[in-house]
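S.K.: Protein chains in written order, with our numbering: chain C, 1 to 109; chain R, 1001 to 1276; chain F, 2001 to 2140.
Derived from the structure by calculation, the hints contain no laboratory data.
The C-beta atom is built at its ideal place from N, Cα and C for all residues, glycine as well.
One or more hints might be untrue.
Have a look at the derived ranges for each label pair, beta carbon to beta carbon [claimed, not checked]:
hint	chain 1	residue 1	chain 2	residue 2	range
1	C	Ile44	R	Gly1135	48 to 58 Å
2	F	Asn2120	C	Glu101	29 to 39 Å
3	R	Lys1085	C	Ile44	48 to 58 Å
4	R	Asp1169	C	Ile44	29 to 39 Å
Using 20 Å as the maximum straight-line C-alpha spacing, the simulated PhoX-like pairs for lysine-lysine come out as follows [what the hints assert, rightly or not]:
hint	chain 1	residue 1	chain 2	residue 2
5	R	Lys1145	R	Lys1226
6	C	Lys6	R	Lys1085
7	C	Lys89	C	Lys6
8	R	Lys1223	C	Lys37
9	R	Lys1247	R	Lys1145
10	R	Lys1223	C	Lys30
11	C	Lys89	F	Lys2091
12	R	Lys1223	F	Lys2109
13	F	Lys2132	C	Lys37
14	C	Lys30	C	Lys14
15	R	Lys1226	C	Lys6
16	C	Lys6	C	Lys107
17	C	Lys37	C	Lys13
18	C	Lys37	C	Lys77
19	C	Lys89	C	Lys13
20	C	Lys30	R	Lys1145
21	C	Lys10	C	Lys89
22	C	Lys77	C	Lys89
23	C	Lys42	C	Lys104
24	C	Lys77	F	Lys2132
25	C	Lys6	R	Lys1145
26	C	Lys13	C	Lys24
27	C	Lys10	C	Lys77
28	R	Lys1223	F	Lys2132
29	F	Lys2109	F	Lys2037
30	C	Lys77	C	Lys104
31	C	Lys107	C	Lys37
32	R	Lys1239	R	Lys1223
33	C	Lys30	C	Lys107
34	C	Lys6	C	Lys77
35	R	Lys1092	R	Lys1145
36	C	Lys30	R	Lys1239
37	C	Lys24	F	Lys2091
Derived coverage of chain C by chain F (criterion: at least 3 residues anywhere in the stretch with Cβ under 8 Å from a Cβ of chain F; other residues may be distant) [what the hints assert, rightly or not]:
hint	stretch
38	58-69
39	92-100
The lines below spell out each chain.
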Amino acid sequence: MASGVKPRVKVPKKAAAGDVITIKTLISHKMESGQRKDKDGKVIPRSIINRFVADFNDQNLIDVILEPAISTNPYFKFEAIVPESGEFKFTWYDDDGAVYEAAKKIKVS
Amino acid sequence: MTIKPILVFALVGLTGPAFAQDSSTLNIDGANMVTEIAAPSHMENVDTIYSGWRFRSTETQELELDDFDNPAFVFIDQGIDFWNKVEGSAGKACASCHTNVEDFAGLRATLPRVEGGKLVSMENLINDCRTERMGADAWKWSSSKMTAVTGLVGLQSRGMPMSVAIDGDAAPFWERGKELYYTRVGQLDMSCSNCHEDNYGVMIRADHLSQGQINGFPTYRLKNAKLNSIHARFKGCMKNIRAQPYKEGSAEFQALELYLASRAEGLSIETPSVRN
Amino acid sequence: MELTRRNLLVIGSGAIAFGSLPAMPALASTTDEAIAKLTGGADIGEGGLNIVAPEIAENGNTVPISITAPGAVLVTVFADGNPVPNVATFKFGELNPSRSVSTRIRLAKTQNVVAIAQMNDGSFQRANAAVKVTIGGCGG
């Protein structure tokens, strides 16, 4: 498990049913592309977050396959229409096998 | 014999500071920042001073508008962790004595300042605490740990105007800094003023030259995807003109830091800013 | 030609000039191949999805892009001048009706960012954004 890998998410705490809300997610991760070489000329192996999934009340909202061309500290902003109160679950999958999670509840009136 | 670089020819023929402004109003999470103000009276050749934010592309400017989008905050979070981390023989963390980092509001605005006859920057204050009160090792001037904490402490002054003392005890250091600012150095034989006073606003190859203000430091640079200290930036600039850089933490860089801070008098602190 | 140091420098700089020519055919066709593989050679329409990217990126390692593809099931993004053209693949659920997403990507040099959307009805749409990636005059 890489050190210093931390997810952050921004989700409104409440919304009216049918509102379009904006969700922002970030995970601090170097995203070593596999293109760089070290001081001795050896290729630094690829080590990235390769997948990001956002679900709402177990329904998939977005599922992203990331390649090394995604910048350091992968950032995703997207919209959602929430029909009811519930919980967002966010999951990030690392090349090294680690899985990072975050969750946010939203109250829908 | 001074060698005039090709670079100078590229700048010749341009009629003074041309301005391709993107947005001109900076509002961060509801707080308005001053990015343009009349230059302080000690600046003879400049009428208006501008924050480096004004010289960046729209996309780069947008990154600073909100603390979630601002990539620097990954490092500010790390700064909070360091603040709370117990280190050294005294078994203390910064938080043991300084429970609320918010109490440091206003500090960044007045640094560097003279204490006991010496000019001190924030890095000195932090290392003094670490070595003398925590029994911990000093941090390297531009290390990721140091910039995370100078970023965190600087953030507490965000929105406040830069306001350093340049008279009294500070006067000799300020004069030295001013001298350094206007002295040509290096193989390219250039001074800070050649770019940042005589040619701010024009393009130097693909870069939009700023006034070289330091109101946003430590700054997150897109170039290296991390927080950068003031002295690290000075060092980079000197290397670019093929000069032997002074050392980070040196008397020269501290004097220069004081002089530059005085050139930003009145601009809002934007720490941690986003620049290229 | 006598191989003096001056001549070597001239030859050497010529080689560098060749290496920096933009959008070499070889790389462009890798992206075309990848797109053909994705669509199975089907026709690709335009106008059904939108990609927003800066005209000039101040730095190639953090280029913000935005994609909107209403009615799309899958959107695949390529950067045709990168060492590896694939950038990301987005699968959208029903709760994101605008099929919109913004992210930040790395671009090695001036090139096109290409998005291919697979729509609900199985057809394909394409959008393109040309991005100039600059190297600053004074990097510090």
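S.K.: Next step is simple, just say for each hint if it's right about the structure.
M.R.: These are the hints, each one checked on the structure:
1. At about 37 Å, the CB distance of Ile44/C to Gly1135/R disagrees with the hint of 48 to 58 Å.
2. Restraint check, Asn2120/F to Glu101/C: a C-beta distance of roughly 30 Å satisfies the suggested window 29 to 39 Å.
3. Taking the beta carbon of each, Lys1085/R and Ile44/C are about 28 Å apart, not inside 48 to 58 Å as hinted.
4. A hinted range of 29 to 39 Å for the beta carbons of Asp1169/R and Ile44/C is inconsistent with their spacing of about 49 Å.
5. Only pairs whose Cα atoms come within 20 Å are accepted, and Lys1145/R paired with Lys1226/R is accepted, the gap being roughly 11 Å.
6. Distance restraint check for Lys6/C and Lys1085/R: the Cα-Cα separation of roughly 17 Å lies within the 20 Å cut-off, and the hinted pair is therefore satisfied.
7. Taking the CA atoms of Lys89/C and Lys6/C, the gap is about 15 Å. The hint holds against a cut of 20 Å.
8. Taking the CA atoms of Lys1223/R and Lys37/C, the gap is near 18 Å; set against the 20 Å cutoff, the hint holds.
9. For the given pair, Lys1247/R sits about 19 Å from Lys1145/R by alpha-carbon distance, which is consistent with the 20 Å threshold.
10. Taken as a hint, the Lys1223/R and Lys30/C pair is honoured in the structure, with Cα atoms around 14 Å apart against an allowance of 20 Å.
11. Restraint check for Lys89/C and Lys2091/F: the C-alpha separation of about 16 Å stays at or below 20 Å, so the hint holds.
12. Distance hint between Lys1223/R and Lys2109/F is fulfilled; the C-alpha atoms sit about 14 Å from each other, no more than 20 Å.
13. Restraint check for Lys2132/F and Lys37/C: not satisfied, since their Cα atoms lie roughly 25 Å apart, outside the 20 Å limit.
14. For the suggested pair Lys30/C and Lys14/C, the alpha carbons sit about 33 Å apart, so the restraint of at most 20 Å is broken.
15. The hinted pair formed by Lys1226/R and Lys6/C meets the criterion: a straight-line CA distance of about 16 Å does not exceed 20 Å.
16. In summary, the hint linking Lys6/C to Lys107/C is not supported, as the alpha carbons are separated by about 25 Å, beyond the 20 Å threshold.
17. The hinted pair formed by Lys37/C and Lys13/C fails the criterion: a straight-line CA distance of about 44 Å is larger than 20 Å.
18. Proximity of Lys37/C to Lys77/C is assessed by CA-CA distance (about 31 Å); at most 20 Å being required, the pair is judged violated.
19. At roughly 14 Å between alpha-carbon atoms, Lys89/C and Lys13/C fall within 20 Å of each other, so this suggested pair holds.
20. With a C-alpha separation of about 17 Å, the suggested pairing of Lys30/C with Lys1145/R holds against the 20 Å cut-off.
21. At roughly 12 Å between alpha-carbon atoms, Lys10/C and Lys89/C fall within 20 Å of each other, so this suggested pair holds.
22. For the hint pairing Lys77/C with Lys89/C, the CA-to-CA distance comes to about 15 Å; that is within 20 Å, so the pair holds.
23. For a cut-off of 20 Å, the pair hint linking Lys42/C to Lys104/C is broken: about 42 Å separates their Cα positions.
24. Among the hinted pairs, Lys77/C with Lys2132/F is inconsistent with the structure: their alpha-carbon atoms are about 23 Å apart, more than 20 Å.
25. With a CA separation close to 17 Å, the supplied pair Lys6/C and Lys1145/R stays within the 20 Å bound.
26. Simply put, Lys13/C and Lys24/C have alpha-carbon atoms about 13 Å apart, close enough for the 20 Å limit, and the pair holds.
27. Taking the CA atoms of Lys10/C and Lys77/C, the gap is about 9 Å. The hint holds against a cut of 20 Å.
28. Taken as a hint, the Lys1223/R and Lys2132/F pair is honoured in the structure, with Cα atoms around 16 Å apart against an allowance of 20 Å.
29. With a CA separation close to 25 Å, the supplied pair Lys2109/F and Lys2037/F exceeds the 20 Å bound.
30. Distance restraint check for Lys77/C and Lys104/C: the Cα-Cα separation of roughly 15 Å lies within the 20 Å cut-off, and the hinted pair is therefore satisfied.
31. Taking the CA atoms of Lys107/C and Lys37/C, the gap is near 48 Å; set against the 20 Å cutoff, the hint is violated.
32. Taking the CA atoms of Lys1239/R and Lys1223/R, the gap is near 16 Å; set against the 20 Å cutoff, the hint holds.
33. With a C-alpha separation of about 34 Å, the suggested pairing of Lys30/C with Lys107/C is violated against the 20 Å cut-off.
34. For the suggested pair Lys6/C and Lys77/C, the alpha carbons sit about 17 Å apart, so the restraint of at most 20 Å is met.
35. The hinted pair formed by Lys1092/R and Lys1145/R meets the criterion: a straight-line CA distance of about 17 Å does not exceed 20 Å.
36. This hinted pair does not check out: Lys30/C and Lys1239/R have alpha carbons roughly 27 Å apart, beyond 20 Å.
37. The straight-line distance between the Cα atoms of Lys24/C and Lys2091/F is roughly 17 Å, inside the 20 Å bound, and the hint therefore holds.
38. Restraint check on the stretch 58-69 of chain C versus chain F: 11 residues with Cβ-Cβ distances below 8 Å, three needed, restraint holds.
39. Requiring three or more residues with a Cβ within less than 8 Å of a Cβ of chain F, the coverage given for the stretch 92-100 of chain C is violated, as only 0 such residues are present.
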